[in-house]
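Undergrad: Make one complex out of these two single chains by using the hints.
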Amino acid sequence: MLSYIIRRLLILPLILLGVTFLIFCLFSLLSPMERLATYVNNPSVLKNPQAAQRLIDKYHLDDPFPAGYIHWLKSLLKLDLGWSATANQPVWEAIMQRLPATMELVLYSIIPVILVGIWLGVISAVHHNDLLDQTIRVTAIIGWSLPTFIFGLLILFIFYGILGWLPPGRLSTWAQYIVYTSESFKHFTHFITIDALLNGRLDIFWDALKHLIAPIITLSYISWAYLLRITRSSMLETLRKDYIRTARAKGVDEKTVIYQHARKNALIPVVTVAGMMIIGMLGGVVITETVFTYPGLGFWAASSAQQLDYGSVIGFALLFAFIMVIGNLIVDISYALIDPRVRLE
Amino acid sequence: MNRIIRKLLNNTASLIGLLLLLVFILIAVFAPYLAPPLFPDPYQIPRMSWDVEPQPPGFPMSDDMRFVYESLGKPITRDKAIFGTAQGGYDIFYGLIWGTRTAFRIGIITVTLSMLIGVILGSLSAYFGGWLDELLMRITDIFLSIPFLVAAMVLTTILGRGLDKVMIALVAFGWMGYARVIRGSILSTKEEVYVMAAKALGVKDFRIIAFHLLPNTIFPVLVQASMNIGSMVVTAAALSFLGVGAPLGYADWGQMVSFARNWIIGSPGKAGEYWYAVFFPGIFIVLFVLSWNLVGDTLRDILDPRLRGEL
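If you read the protein sequences in the order shown, they are chains A and B.
For what it's worth, this note's numbering labels the leading residue of the first sequence as 24, then goes sequentially.
For what it's worth, this note's numbering labels the leading residue of the second sequence as 275, then goes sequentially.
Incorrect hints may appear among the rest.
Covered by chain B, according to a simulated footprint, are these stretches of chain A (three or more residues, beta-carbon under 8 angstroms) [to be verified]: (1) 112-124; (2) 162-171; (3) 202-211; (4) 285-294; (5) 329-342.
The hints are simulated quantities; they were obtained by calculation from the structure and are not laboratory data.
Note that this is a predicted model, so its numbers are computed, not measured.
Note that CB positions come from ideal geometry on N, CA and C, so glycine has one too.
Isolated chain B (complex conformation) (with noise of 0.2 angstroms):
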């Protein structure tokens, strides 16, 4: 373990991972000293002008904008749009800082569940073989024929709006890949002397797969864990940019890189006028999941025993 940790922090490309990750978590925890939110609902971004065009960074709330909030007993914090607004007029700096809880949120929520469906139904397969491995397996095939993207479309456009919904629909098409890596690792595994001395001893199936399987064979999982949860913020992301992901307004990153879609041209003449809409969630995405595959891809590079010592 130790070995591991110096690794990554030897390495640039996961050290640069590590940080970014850092400052993710930091936006995430001092969200509410970051932007302030106006409503009782932190994740409903407050819109700074009825504009439906997006306006340029450093926007100043409009009158009538703040005549409302004012009339509604709301203390004004901040009265600027520092990254513009996208289009609506909605905060495009509060619609990232709290999206960063949002994508933390759905990342390390649908990472787990769907890790601990994956592990429970492919270590039975793996353990018990037979007639429920070839069971399992199969509908493992199944769900995986649907393309994910797609797959998850659907089931959340059948669910309906809601971000619970989309998580709903990541963790129901995304556990497969866990289940055939454990599945794998553990047949290698169960051959081998320790298992059979366990089972020698009477030591009971189920504690066998949690107490002797389980801890040697867990680490390809956490690894792919890793990687998929920048993966599954995206698919969030692209869910929300399709129009079926989360309700209007929410902080959520893909709504608002879905706000930007409409003027991402521009105006004629004025080619580009509307870059912030994209740049700044944009960059958002990119980094955080950039930063999950730096640290994830260097862990790969150090469990696998093919190349150590290449490093």
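Chain A on its own, in the form it takes in the complex (with noise of 0.2 angstroms):
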């Protein structure tokens, strides 16, 4: 087992140079002046050519590939990411302070994929071809197929628009002007809804709830109906094994053989897909915050893809990057936790 995690760990530092490799591919796409452009924060600059050099010359911008890319690994280190103009602040310190809030929103999706993917696959699998089974199965394939824009925009239409109970945006004006301004409301986590509770708001909890239900149901619905969709067949195919068909000759109650011999077996392959799509649910936040004006990373990615504000959008796209590989690492090492065969692979 530890020879297994320390092999994968030594990979690490090597995809994660990979990834960045190809991401300074992207980058190199641009041309010299776009590439300086995402350094520049003040567009003074651009007109004055001493001032512009003298960036050329900091950032190595015209120097060969490989140098070129040596030089950018160097500032990125660094944590320099250039200047994001749609922030207006540097490109670190536009994600970190975006960082909690979409961590908030992705953190608290875990929660539904997980029970409600699972728990209606394991009811569809038992009432196999049943009306019900038929019926989640149905509901499932559309989920799957409404893409998350559109299924977002109909929350935001039915739920807002109409009802007016679950508005966009992270915080209502009055609220914001006590988490923000007031010198009374402590910051402990930067998740709102904890730090609400921490400091004994209840009403800034509900706030801030209300807020996150919509975007939190656009984020996982998919993953949910995707995880259903693996539950019922693992578990479809797990009812069928011997050691089922043993439990219930011996007279086992069928509460017990579902329950506690099946669903434990059928869930192994179900932990590393349900991994995979916690992680999936990272592409989703860029749409599902746009969709709900959610000012997190997702929204601030996209506003800078449509201003062309390439440092930014480049920055986002390694932090997921880091994110993902990080997170699929761990998945695989808690699915080798859980599943003995995977370590001897």
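TA: Have a look at this one:
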């Protein structure tokens, strides 16, 4: 087991290096002027040849490709990702400022994925081909076919436009005023729901939660629809195994067979997929946050892309790629911990 | 093959999927009759008025717009926007009809190209093994490390607006799944006796891959491809929705939805008055994806030997 983890940890830097190389290749598709623009924090620099030349020298922008890559990597290590014109601050600061909002959204979205996906999947398999199974299945396929941006707009339309329950954004104006300007509100985690509870402000907690529900549903429904399918087919396969027949033949009651014998084994492949799905939600963050104007990384990245703010977009891609690589590693290791057969491969 | 077609037609879900697909194909084929173009480039959506806000279904072409087209010498073939107009007076009906062609074009081109790349790299990797396998699979891992939508968004932003750029981005980050699937099935097939026999007879490597291995391993890839057409179209639409995809006024479903984005909530007191701006484009996208998913889902169940006899 230990050797497996060590082997995976040793490959990690190589993959991360590969990712930076791939992203640098994308960066190099830009013209030299566009690359220069990603480091400019003041448009007048572009009119001043000397100032521009200083920046070119500082970031080695006219070096040949391999040397350019090394220098780019060095500035990455110093967390110097250029200037975000969209946020009007350095890219790294812009990322750090928006990360908690996105983390809050993604972490909360994991709950419905696992609960609803696995729960409905097991029910669907147990009632194989019943009306219940067919209904769950068709709902899942329809859910799977509803693109995030349409689903999100639909939720916004119904729950804000018509009912007025779930407003877009992250906080109402009055709550924003308290959270960001008042001295008495302390920031512990930068997760507003948790900070509000720690400050004993239930009204702010409730307000933040109301803003979170719609994005959570939008971000997670595709994942749980998919997880449901995986759980269902894995459960169906397990229920046909010999040891299930043995258990039934011994006279074990159906509930124990399903929940004690079958479900435990059926969930082994589901764990990997669940991990992948949770990581897969990262891509949905951009669309979800844009639909609900939720002020996180995704919303910022989408506005940067529209304004051709290349530095921000590249910084965003780097961050998400790193999160994804490390997330995949965690999933693989936990999978190996659960299923001993993986380790032997 | 006959068995597969019979099962596809016998299954309600896939039958609905196939019928929906047929409708979309007919719409795409007869687009010039359903919505006669006004411009030399048929993918340019005509505007019915200069209004910024969307106008309801049945909205007639405004007089000043009519005057513009007449002074350009364009015969006006349709003067009502039967699905209403989107933000900026763009005719929703026209955009959706011609957008069907755009959707098929995006789906088929990107899936074919990415499948081609994936199959070539995957089969080379599996057949020759060794350092080549290691190298190609690590490259695949690296391409997979950026979330698909994020990668596509970044590449499209860098390349610039336009449908061709969107397709390049989708292919560049869409081939890895195929490479992995084909590699897996060739790895398990290449030890089969008939491959050994071919090798013993001195058949060339590329011939073995193309004529002995691929025909026996390509099916799961084709199933995956059929399911991917829908998701490629959705991703392209999502890019347009984010504002980095199709150019302004291009007949593209994602763009139609993005036109609706600012109007979805409606004005105070009249919640949901612009429902048509998102409803019609939404229904087109959803049904298109649904049809591919229904067909692909059933295909997969049919071809999955573990579930054979269960359906």
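Undergrad: Hints first: check each against the structure and report whether it holds.
TA: Going through the hints against the structure:
Counting residues of the segment 112-124 of chain A whose beta-carbon sits less than 8 angstroms from any beta-carbon of chain B gives 0, not enough to reach three: the coverage restraint is violated. Under a criterion of three residues with beta carbons nearer than 8 angstroms to beta carbons of chain B, the stated coverage of the segment 162-171 of chain A is upheld, 7 such residues being counted. Residues of the segment 202-211 of chain A lying with their CB closer than 8 angstroms to a CB of chain B number 0, which falls below the three-residue condition for coverage. Requiring three or more residues with a Cβ within less than 8 angstroms of a Cβ of chain B, the coverage given for the segment 285-294 of chain A is violated, as only 0 such residues are present.
For the segment 329-342 of chain A, the proposed coverage by chain B is satisfied: 7 residues have a C-beta within less than 8 angstroms of a C-beta in that chain, meeting the threshold of three.
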